[in-house]
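Enquirer: All chains should be built: construct the whole structure from the sequences, respecting the hints.
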Amino acid sequence: MVQFAVPILCVLPATTAFLDDISSGFVKSYLPRIGKYAYIKGKVIACAVSGGGTLVLGALISWLAMTLLLFPTEVVLKANEVPPYYVHKLLTVFSLLFLNGAFWALLGMVLASVTASRYMAYAAPFVTYYLLVILHERFFPKLVSIYPKAWLVAETGLQLPLLLLELMVLLCIAFSAYAERRLSNV
Numbered sequence: 001m002v003q004f005a006v007p008i009l010c011v012l013p014a015t016t017a018f019l020d021d022i023s024s025g026f027v028k029s030y031l032p033r034i035g036k037y038a039y040i041k042g043k044v045i046a047c048a049v050s051g052g053g054t055l056v057l058g059a060l061i062s063w064l065a066m067t068l069l070l071f072p073t074e075v076v077l078k079a080n081e082v083p084p085y086y087v088h089k090l091l092t093v094f095s096l097l098f099l100n101g102a103f104w105a106l107l108g109m110v111l112a113s114v115t116a117s118r119y120m121a122y123a124a125p126f127v128t129y130y131l132l133v134i135l136h137e138r139f140f141p142k143l144v145s146i147y148p149k150a151w152l153v154a155e156t157g158l159q160l161p162l163l164l165l166e167l168m169v170l171l172c173i174a175f176s177a178y179a180e181r182r183l184s185n186v
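Letter by letter, the sequence shown follows residues 1 to 186 of my numbering.
The set of hints was computed from the structure by calculation and includes no laboratory data. One should not assume that every hint holds.
Just the calculated beta-carbon pair ranges, DEER-fashion [stated by the list, open to error]:
hint, residue 1, residue 2, range
1, A150, I45, 25 to 33 Å
2, R33, F4, 36 to 44 Å
3, L70, E166, 35 to 43 Å
4, V2, I134, 17 to 25 Å
5, K78, A150, 35 to 43 Å
Glycine included, each C-beta is placed from N, C-alpha and C at the ideal position.
Expert: Written as structure tokens, this is what we have:
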């Protein structure tokens, strides 16, 4: 149930920043100082980091709360017993959450920029997420790479995180091409 909130939560912080800059006219005074390519790169990085950081921060707060509540109830280790190694698993989960958040935020930014609609930034990632879930569960059950719920599971290996990275690179290229064309008119 919480997995359906992933594409909604990660698009809230900075997905519409490019549209806000264009519509407010802020970009006209800011662009001559920093340059077009640095501006585009900054918007892409800010969107990806804020989208991924939202999910990681939520997971970190949840993990800290559970650790504070449940850690005192864990069994005490005996002599010469090695504690379980949770750090690697936590880093894996946090990195998968970051990749997912960055992907959905970039998807929202690209679709919102192309359609010039803030509502697309908020709705399109959720609709895409739900559409991919329906496609997987009803039509292509063996095609795990289109299943967003599998993108959050740490046991899938490196194929799905690499797929997310490739999709994010494509979204960055698409946004850069569109933003460069859009900013040439400013």
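Enquirer: Against each hint, give a clear statement of whether it holds in the structure.
Expert: Hint by hint, here is what the structure shows:
| no. | hint | verdict |
| --- | --- | --- |
| 1 | A150 with I45: 25 to 33 Å | holds (27 Å) |
| 2 | R33 with F4: 36 to 44 Å | holds (41 Å) |
| 3 | L70 with E166: 35 to 43 Å | holds (38 Å) |
| 4 | V2 with I134: 17 to 25 Å | holds (19 Å) |
| 5 | K78 with A150: 35 to 43 Å | holds (38 Å) |
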